[in-house]
Amino acid sequence: MLIDRPAPVVSDQGQEAQHEPGLSRRTFLTVGAAVGGGLFLSVGLPLRMKTAVAAPPTDFAPSAFVRIGRDGQVVLTIPQVEMGQGTYTSLSMLIAEELEVELAQVNVAHAPADDKLYGNRLLGFQATGGSTSVRVFFEPLRQAGAAARMMLVASAAETWHVAPASCRAEKGAVIHPESGRRLRYGELVDKAASMPVPDKIILKDRKDFSLIGTPAKRIDSADKVNGRAVYGIDVKVPGMKIATVAACPVFGGKLADLDDTAARAVNGVRQIVQLDDAVAVVADHMGAARKGLAALKITWDEGPNAAFSTADLVAQLEAASQRSGVVGMKQGDVEVALKGAARKVEAVYQLPLLAHATMEPLNCTVHVREDSCDVWVGSQVVSRAQRTAADVTGLPPEKITVHNQFLGGGFGRRLEVDYVTQAVRIAKQVDGPVKVVWTREEDIQHDIYRPYYYDRLTAGLDASGRPVSFHHRTVGSSIVARWLPPAFKNDLDLDAVKAAAGPYEFPNVLVDWVRQEPPAGLTTGWWRGVGVTHNAFMVEGFVDELAAAAGQDPVAYRRALLGKEPRAAAVLSLAAEKAGWGNAMTPGSGRGVALILGFGTYMAQVAEVAVDRDGGVRVTRVVCAVDCGTIVNPDTIRAQIEGGIMFGLSAVLYGEITLKDGRVEQSNFDSYKPLRIDEAPAVEVYLVDSSEAPGGMGEPGTSTIAPAVINAVFAATGTRLRKLPIDPADLKHA
Amino acid sequence: MTFTVKINGSAHQVDVDGDTPLLWVLRDVLGMTGTKFGCGMALCGACTVHLDGVATRCCITTVDSVGDAAVTTIEAIGDTPAGRKVQKAWLDLDVVQCGYCQSGQIMSAAALLATNPHPSDADIDDAMSGNVCRCGTYVRIRKAVKQAALVRGAAVQGD
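If you read the sequences in order, they're chains A and B. Heads up: the first sequence begins at 1 in our numbering, then just goes up one per residue. Heads up: the second sequence begins at 1 in our numbering, then just goes up one per residue.
Don't read these hints as lab results, they were simulated from the structure. These numbers come from a predicted model, not from an experiment. Heads up, some of the hints might be wrong.
[Said to hold, decoys possible] Only pairs whose alpha carbons sit at most 20 Å apart, straight line, appear in this in silico SDA-like list of lysine to any residue: (1) K217/A / D92/B; (2) K339/A / S324/A; (3) K146/B / K204/A; (4) K143/B / K673/A; (5) K143/B / R621/A; (6) K236/A / L30/B; (7) K143/B / D635/A; (8) K236/A / G31/B; (9) K88/B / A104/A; (10) K143/B / D678/A; (11) K217/A / L43/B; (12) K673/A / V14/B; (13) K236/A / S129/B; (14) K564/A / E679/A; (15) K146/B / D678/A; (16) K673/A / R84/B; (17) K88/B / D635/A; (18) K673/A / D126/B; (19) K143/B / S324/A; (20) K673/A / D17/B; (21) K673/A / G31/B; (22) K673/A / L43/B; (23) K204/A / F138/A; (24) K146/B / K673/A; (25) K673/A / M1/B; (26) K143/B / A222/A; (27) K171/A / Q73/A; (28) K217/A / K143/B; (29) K143/B / T620/A; (30) K146/B / P352/A; (31) K217/A / K88/B; (32) K143/B / S129/B; (33) K88/B / S691/A; (34) K217/A / R84/B; (35) K236/A / V14/B; (36) K217/A / R142/B.
[To be verified] Here are some chain B residues pointing at chain A (derived, C-beta under 10 Å): (37) M1; (38) T2; (39) R27; (40) D52.
Beta carbons: idealized from backbone N, C-alpha and C, even for Gly.
Only chain A is shown next, with the shape it has when bound in the complex:
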């Protein structure tokens, strides 16, 4: 069950807990905590949102994450947002493990906007992305659970006049085995609320874990199979209108003139809202809003980009690739080593602009009042949603309440707040709440796209075929400079060069980055797998070329370069073994491998493909081995790999945003094609048992698949593809 409002915590000394490695004492309240007044809304059923009840003032809420009521109800406020990756389950497991409650006893709440309480220390603010959730919160959430457990145990011990060490917590109760006495947590909350937060929080020994590392059922499944789960687009607010919007189809263009006579005549249309770059139709329902939108006669001022095309974009990048870039990684001297090499291999690899196309179209519901503003949205950056609403309304951030909801997919799209900004701008002109819903066409044509990358790779091989020099020049726009300026230092975008030499040992290596931005108005952003997805395609394709140039087996060739990375070598060997690497395949079929180290996770995939006479590629089987350190929920890891592979395959086979006359040429799932079930390969996942620090799992599956497929296509056909998506014309054979 999902609770809308978290523990009504009182923010404390204003210290920024998110910058500290563990959970600081400051994140806890030193006095027994939840001072009532907070609303306690359940949204298990949308209608229940109306039946808010006051939160009992007596709850035990020792941190911003844990709250226990007199009725024994445990509410966990999850700092990261749920967009399918299973974080509500895995982060709940971390708390529940230490709190000694069963997952079935737990309710979760979406976190409100609060960087101090819910910040992500790897990103510096409240954000869900970059496969960081378990990595960041593995310690802090266990500490939150353990602190609460220790206070409950201390309360029981004091009640019984026994030593806390003689008691233990189990399944939501404290027991005293010697005497057989038992008190449920609900019975202890009053006393626990007056207990001091322990100075030293004692975490369970890993060997005693009963939840962490075992497959757990998702806690959000039940509401997602019966239509009850509430996404941003499902929010209902009394008096709410529905709006849909058209922004200038030429990026960077403005509204010049509008004839809305016909639109106003549509039954159910209430208002037309003009922004400088968009028009919105406000109506009783989306059917009327869309009909009204179609009836608008809009004249756009197309601006300076009206003639811009993909060819222009690629020409700019190609020219930029001739310049040397900012150094991201350097060891030895690649120039000197290349001169002494027996053989030189060079290649250009390209990746297209990509849209995200989350299944839930972008939407945001806003109610602007004179002195306050409510925002209902599914966002990966909740505090940024709050800040943009504050900026647009001119209200202070504390007057903006963001009600975050389940996300119908994120993939990086909801790391942006452009759609929130726009919705608030529209809502400022509307009397009462308004839900702004983008059409799929608007979603595809006004995305913040994954950058186009144009990379040059050069290697020198010695007489035995082993690389003596490796130079990767990556060329593209900077996401970090726009999205996280404090992290953009020394003119270097660390994401652009992330994992740009793979996990390999090269005696001489140079990675440099040339920044080339598209014209203003065309914005680039995060896409699942971020820099690792980009560079894994380049590096793993190119290393496969080096193996071919050396006349060596791709797996053996890679393994020989992994002397310092035994975990990488292990997943490579495991994937190869499970895939039957080296076994014969039928003509027209092939097997390809790819290996990554990213997000703290090692992953190898072997893809099997069949290429037909028309050049059509069918991916039939993917075998994946992963070492992500300590495993929290193995079932979620499998699901993220299965799904991440499919997401990546959409991009391998189809994904491409192209521009013509300053417009995006794709518009819906017919022209921006997603992978469908009849194209989905069988997937096998093998997990390596490990006690290393947990690695991220939301993205590696996506990052690894593209090069594995490209390399399999080479094995099947002898044709080396260096650009996505696959163009069957390149593989056609009579």
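Knowing the structure of chain A, use the given hints to seat chain B on it.
For chain B alone, kept in the frame of chain A given last:
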């Protein structure tokens, strides 16, 4: 204009233009938000409902075309034997990720099993290929439909 639509066993009167897609009648007029908007062009299947048991994309089904047909949505599919088995299989295998497309997936799967209790792999791919899942839960959807098919046979006999 007023239309009477029979949804999940109850008659609902709505006052909208006849060319309004059933999707918006369900979601925005009647507040039944389990049925999802994904593309508006019958390309993704997120809006799948049943009209007299037949899987139908309600984003392109105008309200004036529904007539006397019985509309079943995700909110009530659990009341049908096939729907119940599908939902259980979905839970047993934890198919969902973001979950947004899953209402449509479950409606398509329930319609398949209601008419073809023992679908082959090809039948499943064929019946489900109109439903897009961007999270990529296809591996588990296949397994879950198969599992639901097995359970269903036994359960129908025992009912």
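Hints versus structure:
Between the alpha carbons of K217/A and D92/B the distance comes to roughly 8 Å, so the proposed pair stays at or under 20 Å and holds. At roughly 18 Å between alpha-carbon atoms, K339/A and S324/A fall within 20 Å of each other, so this suggested pair holds. For the hint linking K146/B to K204/A, the alpha-carbon distance of about 41 Å lies beyond 20 Å, and the restraint is violated. Restraint check: the Cα-Cα separation between K143/B and K673/A comes to about 24 Å, which exceeds 20 Å; the hinted pair is violated.
Straight-line distance between C-alpha atoms of K143/B and R621/A comes to about 16 Å, which keeps the hinted pair within the 20 Å bound. Proximity of K236/A to L30/B is assessed by CA-CA distance (about 11 Å); at most 20 Å being required, the pair is judged to hold. Between the alpha carbons of K143/B and D635/A the distance comes to roughly 15 Å, so the proposed pair stays at or under 20 Å and holds. Annotation: proposed proximity of K236/A to G31/B holds, straight-line Cα distance about 8 Å (limit 20 Å).
Restraint check for K88/B and A104/A: satisfied, since their Cα atoms lie roughly 17 Å apart, inside the 20 Å limit. Using a Cα cut-off of 20 Å, the hinted pair K143/B and D678/A holds, with the two alpha carbons roughly 13 Å apart. The hinted pair formed by K217/A and L43/B fails the criterion: a straight-line CA distance of about 31 Å is larger than 20 Å. Restraint check for K673/A and V14/B: not satisfied, since their Cα atoms lie roughly 35 Å apart, outside the 20 Å limit.
Straight-line distance between C-alpha atoms of K236/A and S129/B comes to about 31 Å, which puts the hinted pair past the 20 Å bound. Taken as a hint, the K564/A and E679/A pair is broken in the structure, with Cα atoms around 38 Å apart against an allowance of 20 Å. This hinted pair checks out: K146/B and D678/A have alpha carbons roughly 15 Å apart, not beyond 20 Å. Annotation: proposed proximity of K673/A to R84/B is violated, straight-line Cα distance about 31 Å (limit 20 Å).
Using a Cα cut-off of 20 Å, the hinted pair K88/B and D635/A holds, with the two alpha carbons roughly 17 Å apart. Taken as a hint, the K673/A and D126/B pair is honoured in the structure, with Cα atoms around 17 Å apart against an allowance of 20 Å. With a CA separation close to 51 Å, the supplied pair K143/B and S324/A exceeds the 20 Å bound. For the hint pairing K673/A with D17/B, the CA-to-CA distance comes to about 32 Å; that exceeds 20 Å, so the pair is violated.
Between K673/A and G31/B the CA atoms are separated by roughly 30 Å; this puts the pair beyond 20 Å, and the hint is violated. Annotation: proposed proximity of K673/A to L43/B holds, straight-line Cα distance about 10 Å (limit 20 Å). Restraint check: the Cα-Cα separation between K204/A and F138/A comes to about 13 Å, which is no more than 20 Å; the hinted pair holds. At roughly 26 Å between alpha-carbon atoms, K146/B and K673/A are farther apart than 20 Å, so this suggested pair is violated.
For a cut-off of 20 Å, the pair hint linking K673/A to M1/B is broken: about 37 Å separates their Cα positions. In summary, the hint linking K143/B to A222/A is supported, as the alpha carbons are separated by about 18 Å, within the 20 Å threshold. For the hint pairing K171/A with Q73/A, the CA-to-CA distance comes to about 12 Å; that is within 20 Å, so the pair holds. A distance of roughly 16 Å separates the Cα atoms of K217/A and K143/B; the hinted pair therefore holds under the 20 Å criterion.
Annotation: proposed proximity of K143/B to T620/A holds, straight-line Cα distance about 16 Å (limit 20 Å). Annotation: proposed proximity of K146/B to P352/A is violated, straight-line Cα distance about 37 Å (limit 20 Å). Proposed proximity of K217/A and K88/B is supported: the alpha carbons are some 13 Å apart, at most 20 Å. About 15 Å separates the Cα atoms of K143/B and S129/B, which keeps this hinted pair within 20 Å; it holds.
In summary, the hint linking K88/B to S691/A is not supported, as the alpha carbons are separated by about 34 Å, beyond the 20 Å threshold. Restraint check: the Cα-Cα separation between K217/A and R84/B comes to about 19 Å, which is no more than 20 Å; the hinted pair holds. For the given pair, K236/A sits about 18 Å from V14/B by alpha-carbon distance, which is consistent with the 20 Å threshold. Pair hint K217/A plus R142/B holds up; C-alpha atoms about 19 Å apart against a cutoff of 20 Å.
Look at M1/B: its Cβ gets to within about 9 Å of chain A, closer than 10 Å, so that hint holds up. Interface restraint check: T2/B against chain A, minimum CB-CB distance 12 Å, threshold 10 Å, status violated. The criterion of a C-beta within 10 Å of any C-beta in chain A is met by R27/B, whose closest approach is roughly 7 Å, and the hint holds. At a threshold of 10 Å, the smallest CB-CB gap from D52/B to chain A is about 20 Å, leaving the interface hint violated.
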